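Protein chains: 6
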Amino acid sequence: MNLPNKKIAVFRREHFNAAHRIFNPLWDDKKNAEVFGKCSNPNYHGHNYELVVKVVGERDPETGYVIDMKRLSVITEEEVLERFDHKNLNLDTIYFRDLNPTAENIAMVIYDLLRKRIDEKLELQVRLYETERNYVEYPA
Amino acid sequence: MNLPNKKIAVFRREHFNAAHRIFNPLWDDKKNAEVFGKCSNPNYHGHNYELVVKVVGERDPETGYVIDMKRLSVITEEEVLERFDHKNLNLDTIYFRDLNPTAENIAMVIYDLLRKRIDEKLELQVRLYETERNYVEYPA
Amino acid sequence: MNLPNKKIAVFRREHFNAAHRIFNPLWDDKKNAEVFGKCSNPNYHGHNYELVVKVVGERDPETGYVIDMKRLSVITEEEVLERFDHKNLNLDTIYFRDLNPTAENIAMVIYDLLRKRIDEKLELQVRLYETERNYVEYPA
Amino acid sequence: MNLPNKKIAVFRREHFNAAHRIFNPLWDDKKNAEVFGKCSNPNYHGHNYELVVKVVGERDPETGYVIDMKRLSVITEEEVLERFDHKNLNLDTIYFRDLNPTAENIAMVIYDLLRKRIDEKLELQVRLYETERNYVEYPA
Amino acid sequence: MNLPNKKIAVFRREHFNAAHRIFNPLWDDKKNAEVFGKCSNPNYHGHNYELVVKVVGERDPETGYVIDMKRLSVITEEEVLERFDHKNLNLDTIYFRDLNPTAENIAMVIYDLLRKRIDEKLELQVRLYETERNYVEYPA
Amino acid sequence: MNLPNKKIAVFRREHFNAAHRIFNPLWDDKKNAEVFGKCSNPNYHGHNYELVVKVVGERDPETGYVIDMKRLSVITEEEVLERFDHKNLNLDTIYFRDLNPTAENIAMVIYDLLRKRIDEKLELQVRLYETERNYVEYPA
Numbered sequence: 000m001n002l003p004n005k006k007i008a009v010f011r012r013e014h015f016n017a018a019h020r021i022f023n024p025l026w027d028d029k030k031n032a033e034v035f036g037k038c039s040n041p042n043y044h045g046h047n048y049e050l051v052v053k054v055v056g057e058r059d060p061e062t063g064y065v066i067d068m069k070r071l072s073v074i075t076e077e078e079v080l081e082r083f084d085h086k087n088l089n090l091d092t093i094y095f096r097d098l099n100p101t102a103e104n105i106a107m108v109i110y111d112l113l114r115k116r117i118d119e120k121l122e123l124q125v126r127l128y129e130t131e132r133n134y135v136e137y138p139a
Numbered sequence: 000m001n002l003p004n005k006k007i008a009v010f011r012r013e014h015f016n017a018a019h020r021i022f023n024p025l026w027d028d029k030k031n032a033e034v035f036g037k038c039s040n041p042n043y044h045g046h047n048y049e050l051v052v053k054v055v056g057e058r059d060p061e062t063g064y065v066i067d068m069k070r071l072s073v074i075t076e077e078e079v080l081e082r083f084d085h086k087n088l089n090l091d092t093i094y095f096r097d098l099n100p101t102a103e104n105i106a107m108v109i110y111d112l113l114r115k116r117i118d119e120k121l122e123l124q125v126r127l128y129e130t131e132r133n134y135v136e137y138p139a
Numbered sequence: 000m001n002l003p004n005k006k007i008a009v010f011r012r013e014h015f016n017a018a019h020r021i022f023n024p025l026w027d028d029k030k031n032a033e034v035f036g037k038c039s040n041p042n043y044h045g046h047n048y049e050l051v052v053k054v055v056g057e058r059d060p061e062t063g064y065v066i067d068m069k070r071l072s073v074i075t076e077e078e079v080l081e082r083f084d085h086k087n088l089n090l091d092t093i094y095f096r097d098l099n100p101t102a103e104n105i106a107m108v109i110y111d112l113l114r115k116r117i118d119e120k121l122e123l124q125v126r127l128y129e130t131e132r133n134y135v136e137y138p139a
Numbered sequence: 000m001n002l003p004n005k006k007i008a009v010f011r012r013e014h015f016n017a018a019h020r021i022f023n024p025l026w027d028d029k030k031n032a033e034v035f036g037k038c039s040n041p042n043y044h045g046h047n048y049e050l051v052v053k054v055v056g057e058r059d060p061e062t063g064y065v066i067d068m069k070r071l072s073v074i075t076e077e078e079v080l081e082r083f084d085h086k087n088l089n090l091d092t093i094y095f096r097d098l099n100p101t102a103e104n105i106a107m108v109i110y111d112l113l114r115k116r117i118d119e120k121l122e123l124q125v126r127l128y129e130t131e132r133n134y135v136e137y138p139a
Numbered sequence: 000m001n002l003p004n005k006k007i008a009v010f011r012r013e014h015f016n017a018a019h020r021i022f023n024p025l026w027d028d029k030k031n032a033e034v035f036g037k038c039s040n041p042n043y044h045g046h047n048y049e050l051v052v053k054v055v056g057e058r059d060p061e062t063g064y065v066i067d068m069k070r071l072s073v074i075t076e077e078e079v080l081e082r083f084d085h086k087n088l089n090l091d092t093i094y095f096r097d098l099n100p101t102a103e104n105i106a107m108v109i110y111d112l113l114r115k116r117i118d119e120k121l122e123l124q125v126r127l128y129e130t131e132r133n134y135v136e137y138p139a
Numbered sequence: 000m001n002l003p004n005k006k007i008a009v010f011r012r013e014h015f016n017a018a019h020r021i022f023n024p025l026w027d028d029k030k031n032a033e034v035f036g037k038c039s040n041p042n043y044h045g046h047n048y049e050l051v052v053k054v055v056g057e058r059d060p061e062t063g064y065v066i067d068m069k070r071l072s073v074i075t076e077e078e079v080l081e082r083f084d085h086k087n088l089n090l091d092t093i094y095f096r097d098l099n100p101t102a103e104n105i106a107m108v109i110y111d112l113l114r115k116r117i118d119e120k121l122e123l124q125v126r127l128y129e130t131e132r133n134y135v136e137y138p139a
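Chains as they are written, first to last, in numbering that gives the first Met the number 0: chain A, 0 to 139; chain B, 0 to 139; chain C, 0 to 139; chain D, 0 to 139; chain E, 0 to 139; chain F, 0 to 139.
Certain hints may be false.
If chains are identical, the list can't say which one is meant, so a pair holds when it fits in one copy or spans any two.
In silico DSS-like pairs for lysine-lysine, Cα to Cα no more than 25 Å straight-line [claimed, not checked]:
1. Lys30 x Lys5
2. Lys6 x Lys120
3. Lys30 x Lys69
4. Lys69 x Lys120
5. Lys37 x Lys5
6. Lys69 x Lys5
7. Lys69 x Lys29
8. Lys6 x Lys29
9. Lys37 x Lys53
10. Lys37 x Lys69
11. Lys69 x Lys115
12. Lys115 x Lys53
13. Lys30 x Lys115
14. Lys69 x Lys6
15. Lys5 x Lys53
16. Lys69 x Lys53
17. Lys29 x Lys115
18. Lys120 x Lys5
19. Lys115 x Lys6
20. Lys53 x Lys6
Keep in mind that the hints were calculated from the coordinates and are not lab data.
Remember, it's a predicted structure, so these values are computed and weren't measured experimentally.
Turn these sequences into a full structure, and let the hints steer you where they fit.
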């Protein structure tokens, strides 16, 4: 069988649990409550975040892999889970001191952390589930 | 962290339960049965439809949202669930009197209903699950 | 390894799609609407029902099976799916002419249909999902 | 069909998002960290809790219901979700000031809150998922 | 709040991937094929097994735990995953040389391996998913 | 309602169970073990593969279908499941004698088998889940 070498996407799903509060630090608590409702509860709430990392490229003809999923899992562990798992995103990380930890912004930060570790010739996209019913994808 | 402003996709999942019958009103029952089989049962059957609404655009820098998911949920409630939930699609709605309520056609109607309510500068796509094993996406 | 022969439970999951209306035939439409709300819509609505059949007994020492899952699947196909799949439960079956097709009652009817086909020395229980969020188990 | 009136179980699934910290207030932070590890992070972490409420009893012959699921959902909303959803369990509720919010203890508190609202002749059990991989059931 | 100390069940879900062949070593290949069909394919087939370990007992009043889920996960890793994950159950383990690796028998072996590691005053049950549609529970 | 005829995607999900071994036949067992770890276990391991077939095109105005999902299911049964279900991918199929059965390569082979049976004017993509956490999409 003569397989053409079109690009393939591989996906690896990981999860982490974190507390957060939707909060724009340039606004006071009253305005945050008006705009963000219960998502801005001052004492935080939390989620089981599900993260799907997508990497696109050509297969290595020797391994038959685009990227070794175990290595992709280790990179995600080191860059994302060690920073965010069982943490308060607003208080325990440097990324959301001035940045509102919406799903959109968390996905952009995760993309940025992973991008540095993935070979430039491979495309990267992250999907982040805040709940089963709310999720985001970056870049679209 | 200096985040580039590429486009982001946000997704909101909703569900509704409805009866329907796959039926081309220009054909008689015999031809409908030949082409559509048990899906054309004259007394209807039904599904738990799962709907995923995807909206693509740039983040609002103040809220960190592409669109407020709560507002997206309300729009979907008003435009889709109030019309279709616990209804007979063929009999109880105006949309499928002359249009066969296949998953493809239901998705197109839902797209049309939501498109009017979503800001033009945002892209829209709907995914509709008829069952866990059969689903459609519009536009592709 | 010397395995004690305590009882084991085996489970087989199947699904069917059907239309129904929650409706007590001894009441008029007005009373049905008051008690059952939108679930009593006269033109029906529908569900993707998920059915889990549980059979409890001792392993056959030769096959290592409590019951052959393939045979359990065939019995469920013949007794349940052929009767209910892609049907209107109120109109197309004899079981819900005088019986309200609530999840409780559907589960009891399914139990009765399967009980005759499963060896008496095996215990039987059915779980029926009307949606992911509503389900019943009979007998409790 | 002559249905015997054995007991039936009905289940209703709800969800809420909350922050918490596994923390025994009789111990200092060091001992809490030793015993509970990252689950005792002082700034909290969080979960998407999935709650399944199980009610067991006989069918009402008129409605075909053990209990109206919509009413069960409303009771759960009033007793559990309004207290716990988008909250910090340790700080924002009165229940976990002196009680460690482990899944076991949260389930017991939820059982206690619901028990008062469910008819005494019906049995009650709650299942609480802290994650897809960790959950508890009370009473066993 | 004065919580009664009824027993609680805690559940931990793990997974492993393995090859197997349904095969009674006392029968020849022809009889195995007649009884077990494609499940007895001589070159094996395989599954993503999902294992749910249930432990029932009283809460420790100091920790609020029935058993530390992390320790339960480590025990399952040591006793089950290290033996069975990415293995051929018939060839690579000592347990299924003379025992047919049906879901029932695998569950009984896992129960036996875990039982030795769990405190005698705690009850134990295992649920094993061979596929999403076929699973077993031991003891029933 | 005047529906524009943009392209629609339809998806059909199927599953099969198979054994495999990640193995480059040009390397010896030692090198395979170094590169692929436990995934290269000489006696094989296995998976419950979930396959999602995506077909993109315009609706037929008479049927309201892009492609009849039942026919798509039959094609997938004939081309993929009959070849791979309950098989050892390395030993029982002609496709992976010289080709390493990574998820990437299996997806490419499945694409090739289905492509011949789907009308040329329809686009085709396959997604293959090796586990819930590892999956691939071809072409990307």
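Each hint, compared with the structure:
1. Lys30 x Lys5: neither (50 Å within a copy, 27 Å between copies)
2. Lys6 x Lys120: both (11 Å within a copy, 21 Å between copies)
3. Lys30 x Lys69: between (44 Å within a copy, 17 Å between copies)
4. Lys69 x Lys120: So Lys69 and Lys120 pass the 25 Å test inside one copy only (19 Å; across, 38 Å).
5. Lys37 x Lys5: neither (46 Å within a copy, 28 Å between copies)
6. Lys69 x Lys5: within (23 Å within a copy, 29 Å between copies)
7. Lys69 x Lys29: between (46 Å within a copy, 19 Å between copies)
8. Lys6 x Lys29: So Lys6 and Lys29 fail the 25 Å test inside a copy (49 Å) and across (30 Å) alike.
9. Lys37 x Lys53: between (32 Å within a copy, 23 Å between copies)
10. Lys37 x Lys69: between (38 Å within a copy, 11 Å between copies)
11. Lys69 x Lys115: within (18 Å within a copy, 32 Å between copies)
12. Lys115 x Lys53: For Lys115 and Lys53, only the intra-copy Cα distance (15 Å) is at most 25 Å; the inter-copy one is 28 Å.
13. Lys30 x Lys115: neither (36 Å within a copy, 29 Å between copies)
14. Lys69 x Lys6: within (20 Å within a copy, 29 Å between copies)
15. Lys5 x Lys53: both (16 Å within a copy, 17 Å between copies)
16. Lys69 x Lys53: within (14 Å within a copy, 27 Å between copies)
17. Lys29 x Lys115: neither (38 Å within a copy, 32 Å between copies)
18. Lys120 x Lys5: Both, since 14 Å and 19 Å are each at most 25 Å.
19. Lys115 x Lys6: Both, since 21 Å and 20 Å are each at most 25 Å.
20. Lys53 x Lys6: Both, since 13 Å and 16 Å are each at most 25 Å.
Hint violations for this structure: numbers 1, 5, 8, 13, 17, all remaining hints satisfied.
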